[in-house]
Amino acid sequence: MTGETGQPMQLSEASAADYIALLKPRVMSLVVFTGFVGLIVAPGHMNPVMAAIAILCIAIGGGASGALNMWYDADIDRIMKRTKNRPIPAGLIREETVLAYGITLSVFSVMTLGLLVNWLAAALLAFTIFFYSVVYTMWLKRSTPQNIVIGGAAGAFPPMIGWASVTGTVSVESVVLFLIIFLWTPPHFWALSLFTSGDYEAAKIPMMPNVRGEKSTRLQIVIYSLIVAPVGVLPWFLGFGGHVYGVLSALLGAIFVWRAVQLWMAPEHETQMRAARALFKFSLVYLSALFSILLVEALVAKILPVIGG
90 MTGETGQPMQ
100 LSEASAADYI
110 ALLKPRVMSL
120 VVFTGFVGLI
130 VAPGHMNPVM
140 AAIAILCIAI
150 GGGASGALNM
160 WYDADIDRIM
170 KRTKNRPIPA
180 GLIREETVLA
190 YGITLSVFSV
200 MTLGLLVNWL
210 AAALLAFTIF
220 FYSVVYTMWL
230 KRSTPQNIVI
240 GGAAGAFPPM
250 IGWASVTGTV
260 SVESVVLFLI
270 IFLWTPPHFW
280 ALSLFTSGDY
290 EAAKIPMMPN
300 VRGEKSTRLQ
310 IVIYSLIVAP
320 VGVLPWFLGF
330 GGHVYGVLSA
340 LLGAIFVWRA
350 VQLWMAPEHE
360 TQMRAARALF
370 KFSLVYLSAL
380 FSILLVEALV
390 AKILPVIGG
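Residue numbers (this note's numbering): 90 to 398.
By construction, these hints were calculated from the structure, which means they are not laboratory data.
You may find that some hints are simply not true.
[To be verified] Now the in silico label distances, taken between C-beta atoms and shown as ranges:
| no. | residue 1 | residue 2 | range |
| --- | --- | --- | --- |
| 1 | 223 | 358 | 31 to 41 Å |
| 2 | 360 | 184 | 34 to 44 Å |
| 3 | 347 | 284 | 14 to 24 Å |
[As the list claims (entries may be wrong)] Distance condition first, Cα-Cα at most 20 Å in a straight line; then the derived SDA-like pairs of lysine to any residue:
| no. | residue 1 | residue 2 |
| --- | --- | --- |
| 4 | 391 | 256 |
| 5 | 230 | 293 |
| 6 | 173 | 285 |
| 7 | 173 | 184 |
| 8 | 173 | 106 |
| 9 | 113 | 181 |
| 10 | 173 | 292 |
| 11 | 391 | 381 |
Ideal placement from N, C-alpha and C gives every residue a C-beta, glycine not left out.
Let the sequences and hints guide you as you build the complete structure.
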């Protein structure tokens, strides 16, 4: 088969799995989960079909952001060890194909959410895609060590989108869900950056350890952990998290702070890296546990009256 120039056309070597990889499935799973929790915790009921559409749109929108991120970051993905096997640097998919893929999914997810659910949720999804793709990826990531602090807002919007899908509003409760993820993001990613700083340095990305040093990064991790721990308890304080949530969120927050302090106090580099890995892993447990408890409590509160009736 030849193209217009008479030269043989190169068929894409990409598989369906490669196109899925462009959506950053691991990140998407967290986006879908927190969005689903926001939808279930929100007051009121939503038609199951509409709820499924809302979650699907959140998933596709999150995946579209990942694809646009991979399109723009193709140059540094070729340098970093943990990203060099992604579809673009591996030579499986052309950059312009990924750009079209990301834009198409973005428009589809936003328009579908707006037309079938409500336009506030769609507007929040559109802003999330824009914030991650443009504000974080194209501007903050390569220009400031505060990139993940500000850019973390993109990953914090899904529960607010889920909430807005049900209620058509943004409330204090949905803002608290946003804040938990927003404040959790810096210590989570800075812990990761401590033991992957060589990758970021090679790609000339100004992550905190490369710019301010490891000691400053460890101190800021402690500061953020001291902030996120009490914020994590706010759902109980505001009444949309039960007593079980209140006790467990306080306990998990205390462990989070203690892990951060252990990292700060670690005397040697090797010990510090072990503590950073331990904090990074626990941070995933912390966020997943908080949202899981909220989810279970909300489901029980909504299902029991139906069973009892």
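Hint check results:
Distance hint for residue 223 and residue 358: a CB-CB separation of about 37 Å, consistent with the stated range 31 to 41 Å. Remark: the range hint 34 to 44 Å for residue 360 to residue 184 is upheld by a beta-carbon distance near 42 Å. Evaluation of the 14 to 24 Å hint for residue 347 and residue 284 yields a pass: the beta carbon distance comes to about 19 Å. Taking the CA atoms of residue 391 and residue 256, the gap is about 16 Å. The hint holds against a cut of 20 Å.
Simply put, residue 230 and residue 293 have alpha-carbon atoms about 10 Å apart, close enough for the 20 Å limit, and the pair holds. Distance hint between residue 173 and residue 285 is fulfilled; the C-alpha atoms sit about 14 Å from each other, no more than 20 Å. At most 20 Å may separate the alpha-carbon atoms for a hinted pair to count; residue 173 and residue 184 meet this at roughly 14 Å. Between the alpha carbons of residue 173 and residue 106 the distance comes to roughly 16 Å, so the proposed pair stays at or under 20 Å and holds.
A distance of roughly 16 Å separates the Cα atoms of residue 113 and residue 181; the hinted pair therefore holds under the 20 Å criterion. Of the pairs offered as hints, the one joining residue 173 and residue 292 holds, with about 11 Å between alpha carbons and a cut-off of 20 Å not exceeded. Taking the CA atoms of residue 391 and residue 381, the gap is about 15 Å. The hint holds against a cut of 20 Å.
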